[in-house]
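Please build the complex by placing chain F on the supplied structure of chain E, with the hints as guidance.
These protein sequences, in sequence, are chains E and F. No gaps in the numbering here: position 345 of the first sequence is 326 in my numbering, and each next residue is one more. For my numbering, count along the second sequence from 1 and bump the result up by 415.
Nothing false has been slipped in among the hints.
The list that follows gives simulated cross-link-like pairs (lysine to aspartate or glutamate, DMTMM-like), each with its CA atoms no further than 20 Å apart:
| # | chain 1 | residue 1 | chain 2 | residue 2 |
| --- | --- | --- | --- | --- |
| 1 | F | 474 | E | 105 |
| 2 | E | 269 | F | 563 |
| 3 | F | 530 | F | 546 |
Covered stretches of chain E, going by a simulated chain F footprint (3 or more residues, C-beta under 8 Å):
| # | segment |
| --- | --- |
| 4 | 107 to 114 |
| 5 | 120 to 133 |
Hint data in this document are derived by calculation from the structure and do not stem from the laboratory. Backbone N, C-alpha and C fix where the C-beta goes; we use that ideal spot for every residue, glycine too.
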Amino acid sequence: MHAARNYLVFLQRCGRIAFVGDWRYYAWMGVLTVVSLLGLNAYARQLADGLISTGMSDQVSWGVYIANFTFLVGVAAAAVMLVIPVYIYNNAELHDLVIFGELLAVAAILMCLAFVTVDLGRPDRFWHLIPGIGQFNFPASMLSWDVLVLNGYLLLNIHICGYLLYCRYQGRKPAKWFYIPFVFVAIGWAVSIHTVTAFLYVGLGGRPFWNSSIVGPRFLASAFTAGPALIILALQIIRNVTQYRITDRALLTLRGIVQVSMLINVFLLLNEVFKEFYSGNLHVVSSKYLFVGLHGHHALVPWIWTAIGFNLIAMVLLVLPLSRSLKWLNLTCVLSIAGIWIEKGMGLVIPGFIPTPLGQIVEYSPSLNETLVCLGIWAAGLLAYTIFLRMAVPILQGRLSRANEGQVPDPALGGAPAPDAAAGH
Amino acid sequence: MPLPDPTVSPGGSAPSSGVTRRSFLRGTVALSGVAALAAALAPLRKLDDFTTVERFMQKYYKELTPEEMAAVLRRIANDVEHEYGIRPHVRDLKPMDGVEFVYALNLTRCIGCRKCVHACVNENNQSRNPEIQYIRVLRLPHGSLDIEKAEHNYAPESVPEKGYFYMPVQCQQCKNPPCVKVCPVHATWQETDGITVVDYDWCIGCRYCEAACPYWARRFNFAKPSLPKDRLNPDMAYLGNRPRRQGVMEKCHFCIQRTRAGRYPACLEVCPAGARKFGNILDPESEVAYILRTKRVFIQLKEEMGTSPRFFYYFDI
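Excised from the complex, chain E in its bound form (with noise of 0.2 Å):
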């Protein structure tokens, strides 16, 4: 009783700090909650006037949702990146940062949910969905096993954090048996979430442009690229914003991390580019589209080629010493990043059905109220995320733990407690 009411205080006083901040906070949640409510508008057309709202066709019949889908999976699933050099390698600048790629994760996941659910025809029958009451068609849909993978590294995630962030909250040392095993748990399930993912593209005999075996070892590379270049971007914001204490050596561990990974990524693409291209059988027609066009149709070729031009510097400006210095480094990122999002989300989806099954080339670009939708879901991952920080910086940092119980939260976003926080307002 007596745990389930600290627990049940320790809940409320998360969900209270959420709504506590300076102007800048204010000023960056009111942003984003305008942003989800615009997307949220979108897709309650979307679900009155049907997919008719969006881009999509029976020839491209999957778009820049799905897109976004895949490249969120990878997101969630770099958190591992930051999990192998603590617990693996026992590396300790790292140690209090694996909460944040975690926390990362869980919004990632959020996101890919909330894109999958709106690129359904019928949201109103998810329950179909639901293993014991709908038809689960498990284990010959790799749709199911998608359900169960990304719902499961939700769950665990979500154990992790909440765990660690409750025992620092409480001032005690979290009992190992109780997250140690999830965590390496975590690391292969992390693994598996990209690796379904791509297997939901692979398993496609109909498609040749994703039916190949490479398509799993890039989407991790790719992922483990993209990934921790966003956390290095998110880790120096959370340190401008909350002074919270991130060294340089963790930063570039994670550089270390991106560099290696992006050149796996090239590498894999220039494989995959050589084996369409020279042996110039009838199936290349897809990647013809997507790098150079077909038959005076080339919406993509611009895509691609910046997607491979953002790469391909980010790549020279990680092997570079250069990329050493922050400023350097996070130019890097932002190219990984966005070059990343073109080649995974509109260059692997969209030329898979370019030309159909039935040699038709039908072109694709996202609609207005589709772009919308977009946003939206971003926007109310970013304050997910947000959210999360907001609770779980001041708990790493001691200012938000059970010695502080019945203080009114301060509206201080990092720094040291404030000698006035309990006299309030």
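Leaving out everything else, chain F in the frame of chain E:
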């Protein structure tokens, strides 16, 4: 809005009575938040026909008892009558024992007139706007079966044209259907007579089957189907041509409402060239059994996919 903390410690500020500037501000923010949310959701008012409690709760086709099925069929008939002003004849036709349907199409004879395409639309109550068609006729240059060379939108003065042949493609009713394998909710499956069907009331609209189909045979209702009242075909089957709803998948089902009642598919009946043959492959006396036994060459489209279609293309040689 944050709740007042019940555990205010001595020295902390007690919740003040009366309206302070801060609580007024909070109230304003909360109210405008609720108003913004309501405004964002306003388009949902158009959703009146999206679902009902009965439709939401409806069970999976294979789990419906005969009584429940009867009730569902009555409800569908009522819905159709309400919407189109015609009382339809909706049945749940089961596959017949000892029957496996096969289609054979004579590429030498097909003249590319697309009469099959439109007969299908008239028979199967497809949406006219946006128009959904189950059959796509490809025009191919003489001598090549390379589908990349297919022209979909050919529109000459008259057909057939010199130097081309025509290949109608519809659901190939595969023995090893990729669409069935990938569906996450078993909303599409293969019946014992070889027809792959869709439970329109169970499909969640993820379009994974559409991505999986190597024949581009599946169609999605991107909008609420619109069908003029006078075009409705009232002879309906549950797994066949009953009107569909927004957001679900559909495709050719070999005119289940006809073929399971001993008639030919609509596309066959309309064909002016006699290019289309349909029947029970398990009956050695059937026309399709004769064709597959005697023709020197017949092909299954994209045979290398391993899908093993029940739809064969043959030539007069």
